[in-house]
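Peer 1: Letter by letter, the chains look like this.
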Amino acid sequence: MPLGDLLPEITLLLGAVSIVLFASFAPQRYQAWAAGLALVALFVAAWFSVQQWGAPPRLTFSGVWALDSVAIAAKLLILFSGAVVVALSPDWMRSDRRHGEYYALCLFSLLGMIMMASANDAMELVVGVLLSSVASYPLAAYHRSFTPALEAAMKYFLIGALANALLVIGVVILFGLVGDTDYVKASEVFQVGTDSIALSIAVACIVLGLTYKLGAVPTQAWMPDVAQGAPAPIAALLTVAPKIGAAVALARFVTILPENLAWPSIVALISVATMTLGNLAALRQTDLRRLLGWSSVSQSGYMLMAIVVVGSGVAALPALLAFLVAYALANLLAFAVVTHLRGRTDLEHYHGLARQQPLITAALILALLSLVGIPPLVGFFGKFLLFEVTIEAGYAWLAVVAAINTLVSLYYYLRVIAITMFKTPQGKVHVLGGWSWVALLVSLALLVMVSLGFQWLLGMLHHIAFVR
Amino acid sequence: MILTLAWCLPLLGTLLLAFMPRWSTSGARIFSIATAALALAMLVWAWIGFDPDGPLFQHVLDVPWVPSIGVGYRVGVDGIALAVATMSALVFLASIAYPVDTKGQPRQYYAWMLFLMATSLAVFLVLDLLLFYVFFDLSLVGMYFLIGRWGHGKPQLSALTFFLFTFAGSLALLLAIIGLYLSLDSPSFDMRLIIEQQPLAGGGLYAGLVFLGLMLGLAIKTPLVPLHTWLPQAHVDAPGPASAILAGVLLKMGTYGMVRLPLAMLPDTFQRYALVVGIIALVAILYGALVALGQRNLKRRIAYTSINHMGYTVLGIAVAASLSDNLAAKQLALTGATVEMVAHGLITGSLFLICGSFWQRTGEYDLDYYGGLAYQAPLLTGLTVLAAFASLGMPGLAGFVAEFQIFAGTFAVYPWLAVLAVLGILITAGLFLDLLRRLFFGSLPVHLAQFTELNRAEATVLIALGLGIVIIGVYPSFLLEVIDGASALLIGGR
Chain A
1 MPLGDLLPEI
11 TLLLGAVSIV
21 LFASFAPQRY
31 QAWAAGLALV
41 ALFVAAWFSV
51 QQWGAPPRLT
61 FSGVWALDSV
71 AIAAKLLILF
81 SGAVVVALSP
91 DWMRSDRRHG
101 EYYALCLFSL
111 LGMIMMASAN
121 DAMELVVGVL
131 LSSVASYPLA
141 AYHRSFTPAL
151 EAAMKYFLIG
161 ALANALLVIG
171 VVILFGLVGD
181 TDYVKASEVF
191 QVGTDSIALS
201 IAVACIVLGL
211 TYKLGAVPTQ
221 AWMPDVAQGA
231 PAPIAALLTV
241 APKIGAAVAL
251 ARFVTILPEN
261 LAWPSIVALI
271 SVATMTLGNL
281 AALRQTDLRR
291 LLGWSSVSQS
301 GYMLMAIVVV
311 GSGVAALPAL
321 LAFLVAYALA
331 NLLAFAVVTH
341 LRGRTDLEHY
351 HGLARQQPLI
361 TAALILALLS
371 LVGIPPLVGF
381 FGKFLLFEVT
391 IEAGYAWLAV
401 VAAINTLVSL
411 YYYLRVIAIT
421 MFKTPQGKVH
431 VLGGWSWVAL
441 LVSLALLVMV
451 SLGFQWLLGM
461 LHHIAFVR
Chain B
1001 MILTLAWCLP
1011 LLGTLLLAFM
1021 PRWSTSGARI
1031 FSIATAALAL
1041 AMLVWAWIGF
1051 DPDGPLFQHV
1061 LDVPWVPSIG
1071 VGYRVGVDGI
1081 ALAVATMSAL
1091 VFLASIAYPV
1101 DTKGQPRQYY
1111 AWMLFLMATS
1121 LAVFLVLDLL
1131 LFYVFFDLSL
1141 VGMYFLIGRW
1151 GHGKPQLSAL
1161 TFFLFTFAGS
1171 LALLLAIIGL
1181 YLSLDSPSFD
1191 MRLIIEQQPL
1201 AGGGLYAGLV
1211 FLGLMLGLAI
1221 KTPLVPLHTW
1231 LPQAHVDAPG
1241 PASAILAGVL
1251 LKMGTYGMVR
1261 LPLAMLPDTF
1271 QRYALVVGII
1281 ALVAILYGAL
1291 VALGQRNLKR
1301 RIAYTSINHM
1311 GYTVLGIAVA
1321 ASLSDNLAAK
1331 QLALTGATVE
1341 MVAHGLITGS
1351 LFLICGSFWQ
1361 RTGEYDLDYY
1371 GGLAYQAPLL
1381 TGLTVLAAFA
1391 SLGMPGLAGF
1401 VAEFQIFAGT
1411 FAVYPWLAVL
1421 AVLGILITAG
1431 LFLDLLRRLF
1441 FGSLPVHLAQ
1451 FTELNRAEAT
1461 VLIALGLGIV
1471 IIGVYPSFLL
1481 EVIDGASALL
1491 IGGR
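Protein chains in written order, with our numbering: chain A, 1 to 468; chain B, 1001 to 1494.
Just chain A, with the same shape it has in the complex (with noise of 0.2 Å):
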């Protein structure tokens, strides 16, 4: 078996192993450093996969697990999420009596999200999901005296369980159509052709299951109340990570449908709908971490317009890569600013931020105006990517769909920085610690780094292709 080639991952599952075995003997004033460990796994892993790149695409394990750039550009990107997620976490979870155990679940939910950015087979999709969402469960309820916490954890383990049961029923009937889970058996089957309903059918509920991990209609109802119930650090995780895995599982499962389903249309009316939803549900949000969960609903549309398009020949995988990277530092970056401020959430208590830590709103307003789009942050390079390929493929009407909600996201976005530019502020600010405060300011350099040399990531990803 070439074991070599999941390095990377099997460098995350002795990482979580380890971090279990450590934590359940280590004493409460050691479990911090169950957060070093998590960086070191999460760093070797990287390392790891930096090795991979650049190689010629291929398929291992018997076809089920891809090796190729859109995979290994995914999994960087997973990871440094969660090293992002990680170093927020020490000082945030330090009076927790379970501290250590949190970085093991963290480090298996990170290895179910790339398990769904590689698998090039149904079933192995259908672990990966499982595995991810298992994992996010009780790191959304790890609060388990907080109310809200606990409501967000149930709506997420609800919905995720509705889900990932359509994802199983679809995988079943799949395999029912094609006699294999395999998504280079099933597309030479397709090829052939086969009973269009049953598959359509199929095809709908696996794109259902996996739109509850993108956050996307019409599963998204979790995500708000996770953004804004879940520890923080988890609510940057859950809201970023997950999707990348989905997003690119997504695209390489859209990739192997025959041309006569309509696929494109139904993923671009899910687009559609995901990023309405998304953003008149912030226009009237009064806390922040709500409204970053509803931005994130919101984001997920435009990420599928990358998918509509990823059939049509045009350069969708870069855009939607592009897209994530930038969406991805963002949206960290904004949580980094939520957690370092102790997670003060409500909008009221944002009043005058501007006054009291110029530093730490400049790095909030960033991470909002490149969620926006507004050049020359990174998030505009992205959404331009993602318009440029979407007019290129004769979707001109998603890309105005697309433009006029992000006019309308202005005003919340702008809401926020009103609010913490204007308002006489009130009562002291309190910050949480070193590792956040470094998390943050590594977040802040990355996405101003990344914009002025967007074109080095655009080298990066110009030729990332799907394994065929």
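One or more of the hints may lead you astray.
[Unchecked claim] Below, in silico cross-link-like pairs of lysine-lysine (DSS-like), each with a Cα-Cα straight-line distance of 25 Å or less:
hint: 1; chain 1: A; residue 1: Lys423; chain 2: B; residue 2: Lys1154
hint: 2; chain 1: B; residue 1: Lys1103; chain 2: B; residue 2: Lys1154
hint: 3; chain 1: B; residue 1: Lys1103; chain 2: A; residue 2: Lys423
hint: 4; chain 1: A; residue 1: Lys155; chain 2: B; residue 2: Lys1154
Hints in this document: simulated from the structure, not taken from any laboratory.
Chain A is already provided as a structure; the job is to place chain B on it using the hints.
Peer 2: Just chain B now, with coordinates in the frame of chain A:
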């Protein structure tokens, strides 16, 4: 390089003010004045090194940024940009030097001023469409904070209205810019490339939509009737220097953009709609003048005359874009439009600074509140009369040079538009004379007995601007020479 310095110096100043906490009020003010003066000096230096007979764009610097989507850091000026940018720097210097109540936050006030200066100058200096858009938007942000924080009345509401209006406009602009960008064979945001290649030369629906988007975005900024509704309130609630910048510099971005983008990049499409644009400009001229005549609020009245004057500029641009083969007339109109931008910047800049002085002294803009100040404040009276006469187009002052050329050019191409537009001058003359009468003549009301004359800083700034107005009026050729080269290339290049 020199142009980069011109807009980066104020930006550097902003950073120093923003991140170094210890600044005294006078320290921050003097530092900002020095920075602004240095930036102005850079532009003057660029002016001296500018060859009017040379290529269209000079002092060009081109650094690649994201070459695969055609974005780069590109700066350079033609005569039009150079004239408008230098005027802007002067208005900024004047506004920064003008004493104002900084509401206990001098460091922040001057930081935003310098930030606004950096972004505004950059709008005129960059040759990259994307950067143009970025700085166009960033200038909104700067102005938003200046109005919102240091304004009076309902500043936050006015600032928000201003921001939303102009931001909506700039989004239309963005869509059109992307349309232009996609129309090139190998997409690029390089303005020189687009001007050279004329990708949408054939016209058609696509070109029409791009033109519409550009004009919509720029017309809101200019502002043209009926998209002007944000302007009066923003002016009234803004602090005096911010008003001066809003009228003197930010409005010019609209008309400068019309020259730089639609006129240079879509001449065929602009030609088709030139008459429509001209008629809208005529409406703005007459409407602006008539509404200004009806205002009792000093600042509101001057704000509406801005609409009127920007109408002249747009009229000149529309004539320059028209179908006529009278190249001399078109060139005259374009040069006139540019001179109008410069003249209006200086004239209305000083008028709004004067409004600021009135507000500092009394907190009142109502014209009926004033009267008989000529004896009380003779210097203020003299400088206001100078600015008002320049604004109404008195020969020998800057406004006349501009308006004469615009009308001469228009008369050759659209005689009836010119005849109707001249009515605007008549009304403007009436409203300014009325304004002067109500402010300075008649008997002095009792509550104005304590009204003080301009202090030295105010007087210096206003005299400097007034000198500019007189010099352009008496000896315009130094300005015309630089502008004429660019307008000849733009018009004759068809």
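Peer 1: Would you mind marking each hint as holding or not holding in the structure?
Peer 2: Hint by hint, here is what the structure shows:
1. A:Lys423 to B:Lys1154: Cα-Cα ~14 Å, so holds.
2. B:Lys1103 to B:Lys1154: The given pair, whose Cα atoms are some 15 Å apart, holds under the 25 Å limit.
3. B:Lys1103 to A:Lys423: Given pair lysine 1103 (chain B), lysine 423 (chain A) holds - Cα atoms ~15 Å apart, limit 25 Å.
4. A:Lys155 to B:Lys1154: violated (44 Å)
When the structure is compared with the earlier hints, a violation turns up for hint 4 alone.
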